[in-house]
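Asks: Given chain A, work out where chain B should sit, using these hints.
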Amino acid sequence: MTPIILVSHVSKIYDTGEVETVALDDVSFGIGKGEFVAIMGPSGSGKSTLMHILGALDTPTSGKYVLDGANVENLNDDQLAEIRNKKIGFVFQAFNLLPRTSALKNVMIPMMYDAVPKNERIPLAEKYLKMVGLGDRMDHTSSQLSGGQQQRVAIARALILNPAIILADEPTGNIASSQAEEIMEIFQKLNEEGHTILMITHEPDIAEHAKRIIHLRDGKIVEDGNGHKQRVVRI
Amino acid sequence: MEYKEIVEEAGRTLTLNKLRTGLAMLGIIIGIGSVIALVSLGQSSQAAVSSQIESLGANLLTISPGSQRGGFIQGGAGSATTLTLEDAQAIATSPTVTDVANVSPEYSRRAQVTAGGKNTNTSVTGVMPIYSSIHKVGIAEGQFLSEGDDARQSKVAVLGPAVVTDLFGTTDPIGQSVRIQGQSFRVIGITVSKGGTGFGNADEVIYVPLSTAQKVLFGAISLTSIAVQAKSSDVMTAAEDEIGYVLLDRHKISSPANADFSIFSQNDILSTASSVTGTFTALLSGIAAISLIVGGIGIMNIMLVTVTERTREIGLRKALGAKKRDIITQFLAESIILTFVGGILGMLVGILLSFVISKVISLPFTIALGSIVLAMGVSGAIGIIFGWYPAKKASDLQPIEALRYE
Numbered sequence: 001m002t003p004i005i006l007v008s009h010v011s012k013i014y015d016t017g018e019v020e021t022v023a024l025d026d027v028s029f030g031i032g033k034g035e036f037v038a039i040m041g042p043s044g045s046g047k048s049t050l051m052h053i054l055g056a057l058d059t060p061t062s063g064k065y066v067l068d069g070a071n072v073e074n075l076n077d078d079q080l081a082e083i084r085n086k087k088i089g090f091v092f093q094a095f096n097l098l099p100r101t102s103a104l105k106n107v108m109i110p111m112m113y114d115a116v117p118k119n120e121r122i123p124l125a126e127k128y129l130k131m132v133g134l135g136d137r138m139d140h141t142s143s144q145l146s147g148g149q150q151q152r153v154a155i156a157r158a159l160i161l162n163p164a165i166i167l168a169d170e171p172t173g174n175i176a177s178s179q180a181e182e183i184m185e186i187f188q189k190l191n192e193e194g195h196t197i198l199m200i201t202h203e204p205d206i207a208e209h210a211k212r213i214i215h216l217r218d219g220k221i222v223e224d225g226n227g228h229k230q231r232v233v234r235i
Numbered sequence: 001m002e003y004k005e006i007v008e009e010a011g012r013t014l015t016l017n018k019l020r021t022g023l024a025m026l027g028i029i030i031g032i033g034s035v036i037a038l039v040s041l042g043q044s045s046q047a048a049v050s051s052q053i054e055s056l057g058a059n060l061l062t063i064s065p066g067s068q069r070g071g072f073i074q075g076g077a078g079s080a081t082t083l084t085l086e087d088a089q090a091i092a093t094s095p096t097v098t099d100v101a102n103v104s105p106e107y108s109r110r111a112q113v114t115a116g117g118k119n120t121n122t123s124v125t126g127v128m129p130i131y132s133s134i135h136k137v138g139i140a141e142g143q144f145l146s147e148g149d150d151a152r153q154s155k156v157a158v159l160g161p162a163v164v165t166d167l168f169g170t171t172d173p174i175g176q177s178v179r180i181q182g183q184s185f186r187v188i189g190i191t192v193s194k195g196g197t198g199f200g201n202a203d204e205v206i207y208v209p210l211s212t213a214q215k216v217l218f219g220a221i222s223l224t225s226i227a228v229q230a231k232s233s234d235v236m237t238a239a240e241d242e243i244g245y246v247l248l249d250r251h252k253i254s255s256p257a258n259a260d261f262s263i264f265s266q267n268d269i270l271s272t273a274s275s276v277t278g279t280f281t282a283l284l285s286g287i288a289a290i291s292l293i294v295g296g297i298g299i300m301n302i303m304l305v306t307v308t309e310r311t312r313e314i315g316l317r318k319a320l321g322a323k324k325r326d327i328i329t330q331f332l333a334e335s336i337i338l339t340f341v342g343g344i345l346g347m348l349v350g351i352l353l354s355f356v357i358s359k360v361i362s363l364p365f366t367i368a369l370g371s372i373v374l375a376m377g378v379s380g381a382i383g384i385i386f387g388w389y390p391a392k393k394a395s396d397l398q399p400i401e402a403l404r405y406e
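Protein chains in written order, with the working numbering: chain A, 1 to 235; chain B, 1 to 406.
Worth flagging that the hints you see were computed from the coordinates, not collected in a lab. Just so you know, these numbers come straight off a predicted model, no measurement behind them. We treat Cβ as the ideally placed atom computed from N, Cα and C, and that holds for glycine. Fair warning: there could be bad hints in the mix.
According to the in silico footprint, chain B covers these stretches of chain A (three or more CB under 8 Å from chain B) [said to hold, decoys possible]:
hint, region
1, 54 to 65
2, 77 to 90
If you want the ones that stay clear, here's a sample from chain A, every Cβ over 10 Å from chain B, calculated [to be verified]:
hint, residue
3, GLU20
4, VAL22
5, SER43
6, GLY44
7, PRO110
8, GLU193
9, HIS209
10, LYS211
Think about it this way: if two alpha-carbon atoms lie no more than 20 Å apart in a straight line, the pair counts; the simulated EDC-like pairs of lysine to aspartate or glutamate are [said to hold, decoys possible]:
hint, chain 1, residue 1, chain 2, residue 2
11, B, LYS323, A, ASP77
12, B, LYS324, A, ASP77
13, B, LYS324, A, ASP58
14, B, LYS323, A, ASP25
15, B, LYS323, A, GLU73
16, A, LYS118, B, GLU2
17, A, LYS118, B, ASP326
18, B, LYS324, B, GLU9
19, B, LYS323, A, ASP78
20, B, LYS4, A, GLU73
21, B, LYS323, B, ASP396
22, A, LYS86, B, GLU2
23, B, LYS324, A, ASP114
24, A, LYS64, A, ASP114
25, A, LYS118, B, GLU9
Okay, chain A solo, but in the shape it has when bound (with noise of 0.2 Å):
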């Protein structure tokens, strides 16, 4: 199994200058290539923060984190920039489609800080579109989508640059339920077809559908298994 993700002894401190706030404490796990991870932890334990290192939008205090070969700790702003364009996709809770622009131009955004042809733009952004399901919607605007709706866009964009993994926070957090499904569904079919998804969540039915939940408590892994039981992984 080839590693995408390797996380190693990660620590992340806020230090306000009163207080020195600790969200990660010693963190370490691997993904491989193909897995369907989910994240579980109540609030404050730590897993947004974990999020957004392995989602290089931030930087750990201490430790190593290794995302498809490359080294992500030490890397300033534009170097991150450039992992995140190249080898992540994210699926945000709140879908952060751009107002206004048609559901084409906002799966086309990763595109234009990246060096694809121009020509082959559109026809990429229309296939992606389709496989999610909207390919009848692709000129709407984000308000005239359901939010189901705009989370497939979201997922499209994510999709787009055939990223080495995708990243998804709460993609069902602002969707009604009979939506939240078919979001999952997607998901699932992607995973299937080998792409590595991991997924940060607080609902449990959510998490069933990922093959692996690592469970997050005061920054601690507490449990990393497929939900039944405790697998922690030393590196």
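Replies: Structure of chain B alone, referenced to chain A:
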């Protein structure tokens, strides 16, 4: 990101909020428009003044009576009645005056003039026949005053075209009579228009024989001015000196500092006039430039609001791979498009404005290419200067903070 793409993206964003974009541009439109209009108007009025002064005659020196000295009381300039026909004759005949070609004694006063029920207040100038050649007065119809008219103190008049329009409208005035100060004069000629404007219009004048003006109309023995034409432009200063000594001698004044007359050359008048219009133009342009800076601050204000409003978008773009440079260029492109498009619109407004104003106050319509180039450059520069800070601010946002922003 390619530049074409950046411009497209920035343009698309600007069209999303047309009202705000329009208002932000308005400041630049007004600024650039007023700079171009004022500079153009300043330059054309300067050109108009210069050509008007030049049309008064070549190599001309004008002698005016100075202030009258009586004990310790000094009267205002031009108040003296010391300049006489004899002075003019002395300048023309004195053996020490070698650089003067022609001498034209003149007596000018404003008077009420009537003809066929219409009346106007205009300048009545008593002149010798030589006047027309020194001052380049052309005759459109009829003839100019003759030596005989002067000798006989004839009550004949040559009208400027503006006076003809005022008194006769479209009917032919030749042979008709006009009443000046209640006395009847026969019109014998009309001069060619010099295209003057405003106060001191060279077209708004009536010429009568000098002797008639002095003795019949106004009962004066002095002159209001003597125009002297030098033999060439090179001897203007020499002529000025020669005339000065003759007049000082005749008026029995020992020191030139106490002279009761003054001599202006046309160049003096020209440089005074152009320095006045130049100062005026600079002043107006300065005010216009301030409005341009205010416009730039308006752009900065709007861009700062935009950055705050689009914090989430910036965070998202960064999360999806936008580098600092990408964000800076995107926002800078927006402010440059704002100021550049505003600059082009402002240029059109400025040209239109100076066209309309030059028509209204009948100035020649000129557009200085330099002012257009400068205005466009300045508007682009304003986009960069005032857009830089908001763009930098946007690019410095941390993606996590920006994504979290509500």
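Asks: All the hints need checking, so say for each whether the structure fits it.
Replies: Evaluated hints:
no.: 1; hint: 54 to 65; result: holds (count 3)
no.: 2; hint: 77 to 90; result: holds (count 8)
no.: 3; hint: GLU20; result: holds, 19 Å
no.: 4; hint: VAL22; result: holds, 18 Å
no.: 5; hint: SER43; result: holds, 14 Å
no.: 6; hint: GLY44; result: holds, 15 Å
no.: 7; hint: PRO110; result: violated, 5 Å
no.: 8; hint: GLU193; result: holds, 22 Å
no.: 9; hint: HIS209; result: holds, 24 Å
no.: 10; hint: LYS211; result: holds, 26 Å
no.: 11; hint: B:LYS323 / A:ASP77; result: holds, 8 Å
no.: 12; hint: B:LYS324 / A:ASP77; result: holds, 8 Å
no.: 13; hint: B:LYS324 / A:ASP58; result: holds, 15 Å
no.: 14; hint: B:LYS323 / A:ASP25; result: violated, 30 Å
no.: 15; hint: B:LYS323 / A:GLU73; result: holds, 18 Å
no.: 16; hint: A:LYS118 / B:GLU2; result: holds, 10 Å
no.: 17; hint: A:LYS118 / B:ASP326; result: holds, 17 Å
no.: 18; hint: B:LYS324 / B:GLU9; result: holds, 16 Å
no.: 19; hint: B:LYS323 / A:ASP78; result: holds, 5 Å
no.: 20; hint: B:LYS4 / A:GLU73; result: violated, 35 Å
no.: 21; hint: B:LYS323 / B:ASP396; result: holds, 10 Å
no.: 22; hint: A:LYS86 / B:GLU2; result: holds, 18 Å
no.: 23; hint: B:LYS324 / A:ASP114; result: holds, 14 Å
no.: 24; hint: A:LYS64 / A:ASP114; result: violated, 27 Å
no.: 25; hint: A:LYS118 / B:GLU9; result: holds, 14 Å
Hints 7, 14, 20 and 24, counting from the list given before, are not met by this structure.
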